[in-house]
Amino acid sequence: MRDDITKIRWHGRGGQGAITAAKIVANAAFSSGYGGVVMAPTFGTERRGAPVLTSLKISKHKIYDLSPITEPDVVIVLDHLLVEEVDVASGLKPGGLIIINTPRPPEAFAFAGMKVATADVTTLAGKAGLPTGIVNTGIIGAFARTADLLDMDTLAGAIESEFAGKSPEKNTAAARATYEHTLVGETDEKRQQ
Amino acid sequence: MHIIESGNVAAASGVQLSGAQVIAAYPITPQTPLTEKLSELVDAGELNAQYIPVESEHSAMSVCIAASSAGTRAFTATSANGLLYMNEQLHWAAGARLPIVMCVVNRGIGAPWTVWNDHQDAISQRDTGWIQLFCCDHQQIIDTVIQAFRLAETVRIPVMVCYDGYILSHTYMPFDIPEPAAVSRFLPEFAPDWALDPACPANLNTVTLPDIRPDVRGETAPGYMEIRQNLHGDMRRAIDVVADTDAAFAQTFGRGGNPFIEPYRCEDAEYVAVAMGSLSYQLRDVIDVLRQEGLAIGVAGLRLYRPFPNRAVAEALSAKKGVIVFEKAVSYGYEGPLYADIKAALYDCAHRPAVHNYILGLGGREIKTDDLFDSLRTCCGADAPEAREPAFVGLKI
Chain C
1 MRDDITKIRW
11 HGRGGQGAIT
21 AAKIVANAAF
31 SSGYGGVVMA
41 PTFGTERRGA
51 PVLTSLKISK
61 HKIYDLSPIT
71 EPDVVIVLDH
81 LLVEEVDVAS
91 GLKPGGLIII
101 NTPRPPEAFA
111 FAGMKVATAD
121 VTTLAGKAGL
131 PTGIVNTGII
141 GAFARTADLL
151 DMDTLAGAIE
161 SEFAGKSPEK
171 NTAAARATYE
181 HTLVGETDEK
191 RQQ
Chain L
1 MHIIESGNVA
11 AASGVQLSGA
21 QVIAAYPITP
31 QTPLTEKLSE
41 LVDAGELNAQ
51 YIPVESEHSA
61 MSVCIAASSA
71 GTRAFTATSA
81 NGLLYMNEQL
91 HWAAGARLPI
101 VMCVVNRGIG
111 APWTVWNDHQ
121 DAISQRDTGW
131 IQLFCCDHQQ
141 IIDTVIQAFR
151 LAETVRIPVM
161 VCYDGYILSH
171 TYMPFDIPEP
181 AAVSRFLPEF
191 APDWALDPAC
201 PANLNTVTLP
211 DIRPDVRGET
221 APGYMEIRQN
231 LHGDMRRAID
241 VVADTDAAFA
251 QTFGRGGNPF
261 IEPYRCEDAE
271 YVAVAMGSLS
281 YQLRDVIDVL
291 RQEGLAIGVA
301 GLRLYRPFPN
311 RAVAEALSAK
321 KGVIVFEKAV
331 SYGYEGPLYA
341 DIKAALYDCA
351 HRPAVHNYIL
361 GLGGREIKTD
371 DLFDSLRTCC
381 GADAPEAREP
391 AFVGLKI
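Chains C and L are the protein sequences, given in the same order. Each residue of the first sequence is one higher than the one before, counting from 1 in our numbering. Each residue of the second sequence is one higher than the one before, counting from 1 in our numbering.
Treat the hints with care, as some may be off.
As the list claims (entries may be wrong) - Only part of the chain L face toward chain C is listed, based on derived beta-carbon distances under 8 angstroms:
1. Ile4
2. Ile167
3. His170
4. Thr171
5. Tyr172
6. Met173
7. Gln251
8. Glu262
9. Ser278
10. Tyr281
11. Arg284
12. Asp285
13. Val289
14. Gln292
15. Gly363
16. Ile367
None of these hints come from the bench; they were simulated from the model. Don't be surprised by glycine CBs; every beta carbon is placed ideally from N, CA and C.
Let the sequences and hints guide you as you build the complete structure.
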């Protein structure tokens, strides 16, 4: 199948803003020349707090397959407790990237053969002035730092557009602070056993 | 200007640009965000329309019938059981020749209850006398809504613009919003020859006798059957108007060119898959892989379901070795309804391909790419089985 598509799967909880976060990244990608951008929430009877998924596909070319991502390149987890509830690494390609909002370091997570990046977005976003628990913009900083797809300034611009008229500066500050404080673990070969 | 938004917002933007004057709707998943967006636009003064919240879909269509009879541009939208609840009024709107436009955000029908996608809702309303167009992506949704008003008002037949629930309605992708001035040129204000007028009272669509009769002016008035034949004849002629509308749209906006069938790698194909809606686009990636394997195969996305563009279908498919029809609906007790239509369109052709039928994706059952490969490979090549009973793809028990 097509190998020109970067597949990013977002894991959050209903009401946590994973869709908005994915939409911001989609807008940043499109404005950077990625003409094929598709963001598909996984549909169901969502309720606040329940685990939810959002698929984001990014390519230079138009995307025709809108089906949910089963083999992501990147997984983004907005709440580290989800790691206990959901197989967030399901289908993740070997060497794939998992970005987790957590106060714990990457070494605290055992994902065989995967690259783990962590940031304490909850704390950093609070310091940036956002209400407690608003992490969907902050985690975009960790994505900018580790995914090697879109730079921080482009993503900050997309955050500003999304929150135009609704004090975007706290959201961009949260993302930039997260960018600075993202920890990246080594891919641990031993864990592949 | 390109934006990234959901399919429902694409539809709402098309309605806004088209200058709908009366919108009456009842919310139902997955149509709800479309009507919410329209009510927001009206509330914000960004769409100069009357938004009439109603207590049911039957009433939504009744309000549209009244509004359209009074000479205003009317719009509604629904899904699944909401569409079925309108059924009586759908026939009425078509019989009364009212150019109402409605988005049908396709969803499976209960019982058992489902909120997820298939095409049974729109297909089950096939014979209501409405034109039915299907969309494959958000650009087609916004473009088709705008075209639908012009088409409906040209032929005086209501139009359904169908798009896949959730798969398109709730997915975000980029699309271009046409310039309002260009839309106004393409779609002039609705100016019907005749409309309800309190100064000139009239009875509309009262009991119509089986036979013709002289009317109050002494002129011969048609009976019920002539009126029915008129609708059918105008539906058949609407096929050409669909093409004309698409051509005019392409001239103004640079998009279109395939009003009936959107072909992908069909020209030199020996086998062609046929589907409606987003599935026809999903099949493109599958076709690309099968082409790499050396299989001469393409996919044709059917855009117009009623009136059925049978000549275009025959032209596109008759020379092929095999045709594989994928559809998200069943004519219970027979086969896939699109399959039956396509076979009938091919009947008069000197050469008829083998035609296969797969039913899939009912009630949102995930359509796995691997299943599409298997289904297509099975139907291609010298040892392909004879066309047979429709097969259900993706069953798990």
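Hint-by-hint comparison with the structure:
With its C-beta approaching chain C no nearer than about 5 angstroms, L/Ile4 sits inside the 8 angstroms limit, and its interface hint holds. The closest approach between the C-beta of L/Ile167 and any C-beta of chain C is roughly 5 angstroms, which is under the 8 angstroms cut-off, so the hint is satisfied. About 6 angstroms separates the beta-carbon of L/His170 from the nearest beta-carbon of chain C, less than 8 angstroms, and the hint is met. The beta carbon of L/Thr171 comes within 4 angstroms of a beta carbon in chain C, closer than 8 angstroms, and the hint placing it at the interface holds.
Interface restraint check for L/Tyr172: the shortest CB-CB distance to chain C comes to about 4 angstroms, inside 8 angstroms, so the restraint holds. The beta carbon of L/Met173 is positioned within 8 angstroms of a beta carbon in chain C (closest approach about 5 angstroms), and the interface hint is therefore held. Against a cut-off of 8 angstroms between C-beta atoms, the interface hint on L/Gln251 is violated, since the closest Cβ of chain C lies about 23 angstroms away. Contact between L/Glu262 and chain C, as hinted, is not supported at the beta carbon level, the nearest pair being about 11 angstroms apart and thus beyond 8 angstroms.
For L/Ser278, the shortest C-beta to C-beta distance to chain C is roughly 6 angstroms, which falls under 8 angstroms, so the interface hint holds. Checking L/Tyr281 against chain C by beta carbon gives a least distance of about 4 angstroms; that is within 8 angstroms, so the hint holds. Look at L/Arg284: its Cβ gets to within about 5 angstroms of chain C, closer than 8 angstroms, so that hint holds up. Evaluation of the L/Asp285 hint against chain C yields a held restraint, the C-beta minimum of about 5 angstroms falling below 8 angstroms.
The interface hint given for L/Val289 holds, since its Cβ lies 6 angstroms from the closest Cβ of chain C, which is under the 8 angstroms cut-off. Proximity of L/Gln292 to chain C is violated relative to the hint, the smallest CB-CB distance being about 10 angstroms (cut-off 8 angstroms). The interface hint given for L/Gly363 is violated, since its Cβ lies 12 angstroms from the closest Cβ of chain C, which is over the 8 angstroms cut-off. Annotation: L/Ile367 was flagged as interfacial toward chain C, and the flag holds, the nearest CB pair being 7 angstroms apart, inside 8 angstroms.
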